[in-house]
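Each chain, letter by letter, is given below.
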Amino acid sequence: MPESEALHAEHHLEYPYSRSVGPVIGAFLTGLRDGKLFGVTGAGGTVIVPPTEYDPTTGDDTGEMVEVGPGGVVESWAWVSHPLRKHPLQTPFAWALIRLDGADTAMLHVVDAGGPDKLATGDRVTVKYRPASERIGAMADIEAFVPEGGAGA
Amino acid sequence: MSAAARTPRPVSIASFAQMQNVRKDDEHNEVEMLMPVIAEVFGNIGITKDDVDFICSGSTDYLIGGPFSFVMALDAVGVWPPRSESHVEMDGAWALYEAWVLLQEGEIDAALVYSFGRSSLGDLNEILSLQLDPYYLAPMWPDTVSLAALQARALIDAGKATEADFAAIAARSRKDALSNPKAQVANDIPAETLLEDEYVVSPLRRHALPPITDGAAAIVLAAGDKARQWSDKPVWITGFDHRIETHSLGARDLTSSPSTTRAAEVAGLADGPVDVAEIHAPYAHQEIIIREALGLDETVPINPSGGPLAANPLMSAGLIRIGEAAASIKSGKAKRAVAHATSGPCLQQNLVCVLEGE
Amino acid sequence: MSDETTDAPGPVTMLATPIGLDFDFTPGIAQSKFLRGLEQGKFLGQRCPVCGKVYVPSRGSCPTDGVPTTEDVELSNVGTVTTYCVVNVPFAGQSIEIPYICAQILLDGANLSFMGLLQEIPTDQIRMGMRVEAVWVEPDQLTPSLASVRYFRPVDEPDADYETYKEYL
Chain A
1 MPESEALHAE HHLEYPYSRS VGPVIGAFLT GLRDGKLFGV TGAGGTVIVP PTEYDPTTGD
61 DTGEMVEVGP GGVVESWAWV SHPLRKHPLQ TPFAWALIRL DGADTAMLHV VDAGGPDKLA
121 TGDRVTVKYR PASERIGAMA DIEAFVPEGG AGA
Chain R
1 MSAAARTPRP VSIASFAQMQ NVRKDDEHNE VEMLMPVIAE VFGNIGITKD DVDFICSGST
61 DYLIGGPFSF VMALDAVGVW PPRSESHVEM DGAWALYEAW VLLQEGEIDA ALVYSFGRSS
121 LGDLNEILSL QLDPYYLAPM WPDTVSLAAL QARALIDAGK ATEADFAAIA ARSRKDALSN
181 PKAQVANDIP AETLLEDEYV VSPLRRHALP PITDGAAAIV LAAGDKARQW SDKPVWITGF
241 DHRIETHSLG ARDLTSSPST TRAAEVAGLA DGPVDVAEIH APYAHQEIII REALGLDETV
301 PINPSGGPLA ANPLMSAGLI RIGEAAASIK SGKAKRAVAH ATSGPCLQQN LVCVLEGE
Chain C
1 MSDETTDAPG PVTMLATPIG LDFDFTPGIA QSKFLRGLEQ GKFLGQRCPV CGKVYVPSRG
61 SCPTDGVPTT EDVELSNVGT VTTYCVVNVP FAGQSIEIPY ICAQILLDGA NLSFMGLLQE
121 IPTDQIRMGM RVEAVWVEPD QLTPSLASVR YFRPVDEPDA DYETYKEYL
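Heads up: the protein sequence lines correspond to chains A, R and C, in order.
Each step along the first sequence adds one to the number in the working numbering, with nothing skipped, and position 90 is 90.
Each step along the second sequence adds one to the number in the working numbering, with nothing skipped, and position 124 is 124.
Each step along the third sequence adds one to the number in the working numbering, with nothing skipped, and position 86 is 86.
Bear in mind the hints are in silico, worked out from the structure with no lab data behind them.
Note that beta-carbon positions come from the ideal geometry of N, C-alpha and C, so glycine has one too.
Please note that the accuracy of each hint is not assured.
Said to hold, decoys possible - Here are a few chain A residues that face chain C, going by a calculated C-beta distance under 8 Å:
id	residue
1	LEU7
2	HIS12
3	TYR15
4	SER20
5	VAL24
6	HIS82
7	LEU84
8	HIS87
9	ALA140
10	VAL146
11	PRO147
Unchecked claim - No more than 27 Å apart at the CA atoms, straight line, and that leaves these computed lysine-lysine pairs for BS3-like:
id	chain 1	residue 1	chain 2	residue 2
12	C	LYS42	C	LYS166
13	A	LYS118	R	LYS24
14	R	LYS160	R	LYS233
15	R	LYS233	A	LYS86
16	R	LYS49	C	LYS42
17	R	LYS160	R	LYS175
To be verified - In silico negatives: residues of chain C with every beta carbon more than 12 Å from chain R:
id	residue
18	LEU15
19	ASP22
20	PHE23
21	ASP24
22	GLN31
23	LEU44
24	ASP65
25	VAL78
26	ASN88
27	ALA92
28	GLN119
29	ILE121
30	ASP124
31	VAL149
32	GLU157
33	GLU163
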């Protein structure tokens with residue numbers, strides 16, 4: 001197709017949203033800032049991580065915040081050899097669904113494993129926070145999860 | 001039509017048209033893309049915009065970063081005198097559902113449904129991140145391919161599929177697409193060769209991903225006398241439903257699709273045999289999940305059009321499945337067909353439409 | 001926000017979630033023609049083959065008939081103010097000193113008005129029907145953008161009859 005006929009222009013669109021987080025997400029983010037991981041009890045006593053104000057399956061109100069982790073199990077993972085510009089890590093890493101110890105649901109975050117041959121479903125990983133002075137109460141307060149025992153970290 | 005129809009008022013797919021699916025169309029704006037499609041969907045049955053009582057469209061402004069682009073798209077129809085119109089920020093399959101619901105009420109007899117999307121202007125990986133939970137997920141910008149890869153890995157780990165299965169689905173789809181002149185990617189490459197592709201995000205190799213597509217599609221729905229007037233042998237919608245699951249990926253079993261199963265039950269899919277299925281599974285592994293959720297055995301041909309692995313125009317790929325399924329019945333290749341559409345990450349929301357000829 | 005300072009930070013209540021996207025935007029060939037016309041210091045429109053109306057800027061289609069507009073039409077540099085407002089309120093991103101006049105201008109030969117800045121006239125003397133002309137940037141400053149038109153200004157002609165523009169309000 002002759003691209004020359006149609007004009008092109010760079011178009012950058014940005015919305016600088018700032019969101020109020022409410023009591024449950026707020027408690028989780030406060031925990032991250034303070035170096036702790038929290039879930040919330042849902043229907044039938046399950047523990048939901050990351051926590052929501054409602055049980056994602058039943059829609060019921062959720063209950064108490066409970067501390068979970070810092071370790072957990074990789075339920076599934078996807079290896080990114082070429083990180084995209086906005087990804088949390090700029091070196092090859094894995095996206096992973098991680099079920100933290102004490103939780104009944106999995107949380108999405110990144111695993112800094114070193115290579116795709118060093119990670120498998122069922123592996124244990126543990127949280128690696130940013131330094132306390134850099135934490136603001138956001139998912140990015142977790143730099144990555146790393147294999148338990150330090151391999152590849 | 002069988003007595004098993006699950007819908008109070010019979011509604012037919014009276015006409016279907018789609019744009020030539022392409023990687024990038026930079027010659028036309030959205031209106032110019034749509035105009036020939038709408039002219040064709042009316043022209044097929046010799047009608048004009050004055051013959052439809054309602055217009056419903058599906059699109060998302062995020063694709064071009066242009067607020068309210070769906071309003072401008074109405075220029076493609078020419079809404080003068082003023083028309084009854086609605087829009088969903090969803091694939092056109094859901095716009096079709098809205099129009100079908102309105103037709104069920106019996107106040108109107110015909111509707112135009114259309115959808116369009118130009119995926120070529122932006123970065124889909126970033127754009128689709130913005131449909132995710134804005135507190136826990138979107139700030140990390142997880143891309144759509146990576147989320148699909150998590151689902152594919154879970155499927156492999158559950159023993160439900162292998163990478164070779166993904167390659168076989170991709171090879172079959174693109175080979176079938178050779179007979180679809182509107183397809184974007186059509187070729188005859190053996191699955192074994194495809195398995196030599198690099199991983200984009202492991203365990204998904206290049207072939208297991210849908211192409212990036214600019215496209216548009218339209219359907220005319222008709223009920224009552226108009227359905228008979230516009231076709232000697234109408235293709236009827238006998239069951240129609242859509243269901244959604246939680247957006248919390250970690251709270252779902254990504255290897256199954258209970259929302260599809262439930263929608264199929266409500267639509268009465270199991271009331272009779274199915275001759276063909278058009279499944280909106282953008283990633284190869286998702287076809288395995290949907291086939292199982294729909295309860296289709298190995299004998300049911302899937303996506304003879306090539307499906308979304310041959311052309312994946314965002315916002316239209318689901319509507320096109322319904323159009324292609326209807327076309328299979330119209331051509332006499334099938335008597336009863338099922339079309340499926342999906343939305344959201346990892347098959348979060350699913351729509352099932354059962355179609356039947358006379 | 002409190003001015004109070006404490007050692008322990010309070011609970012997190014807000015989350016900054018900026019979203020930014022980049023696009024390689026293209027308006028298509030029809031709109032590109034209009035923009036390229038601006039680069040040459042002229043207004044290019046298109047005529048609908050069904051109703052005969054001339055649209056400027058054209059988007060390549062007739063919004064009434066839903067058909068492609070294929071005939072290119074060069075329009076006059078002179079037009080009529082169909083309606084206007086005087087802007088007295090400052091807002092973020094404002095680039096023009098207030099008060100200023102924002103007018104809908106119907107170019108001679110066109111069937112669609114568009115918005116333009118009106119200058120070289122006191123704000124209390126603007127009227128509907130006033131005849132105006134485009135003032136372009138210097139030839140070496142022309143770009144395929146509406147920024148090529150600096151503003152519109154009155155021309156020494158009698159006001160247009162209301163009947164000639166009442167359809168375009």
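- Item | HIS12 (chain A) as chain C interface residue, shortest Cβ-Cβ below 8 Å | This interface hint holds because 5 Å falls under the 8 Å limit.
- Pairwise hint evaluation, LYS166 (chain C) against LYS42 (chain C), where the allowed Cα distance is 27 Å at most: holds (25 Å)
- Is the Cα-Cα distance between LYS160 (chain R) and LYS175 (chain R) 27 Å or less? Within the cut-off at roughly 24 Å; holds.
- Say whether it holds or is violated: LEU15 (chain C) keeps its Cβ farther than 12 Å from all Cβ of chain R. violated (6 Å)
- Query: Is it the case that GLN31 (chain C) keeps its Cβ farther than 12 Å from each residue Cβ in chain R?
  - Reply: violated (6 Å)
- Distal placement of PHE23 (chain C) relative to chain R, Cβ over 12 Å: violated (5 Å)
- Task: For the hint on LEU7 (chain A), just tell me whether its beta-carbon gets within less than 8 Å of chain C.
- Result: holds (4 Å)
- Message: Quick check on the hint: VAL146 (chain A) CB to chain C CB, less than 8 Å?
- Response: violated (24 Å)
- Item | Interface hint for ALA140 (chain A), Cβ within 8 Å of any Cβ on chain C | Hint on ALA140 (chain A): violated, closest Cβ of chain C at ~11 Å, above 8 Å.
- Message: For the restraint on VAL24 (chain A), tell me whether the closest CB of chain C is nearer than 8 Å.
- Response: violated (11 Å)
- Message: Next pair to validate is LYS118 (chain A) with LYS24 (chain R); report whether the Cα-Cα distance is within 27 Å.
- Response: violated (39 Å)
- Query: Just checking, ASP124 (chain C) versus chain R, shortest CB gap more than 12 Å?
  - Reply: About 35 Å separates ASP124 (chain C) from the closest Cβ of chain R, which puts it past 12 Å; holds.
Checked against the numbered hints above, the structure violates hints 5, 6, 7, 8, 9, 10, 11, 13, 14, 15, 16, 18, 19, 20, 21, 22, 24; every other hint is satisfied.
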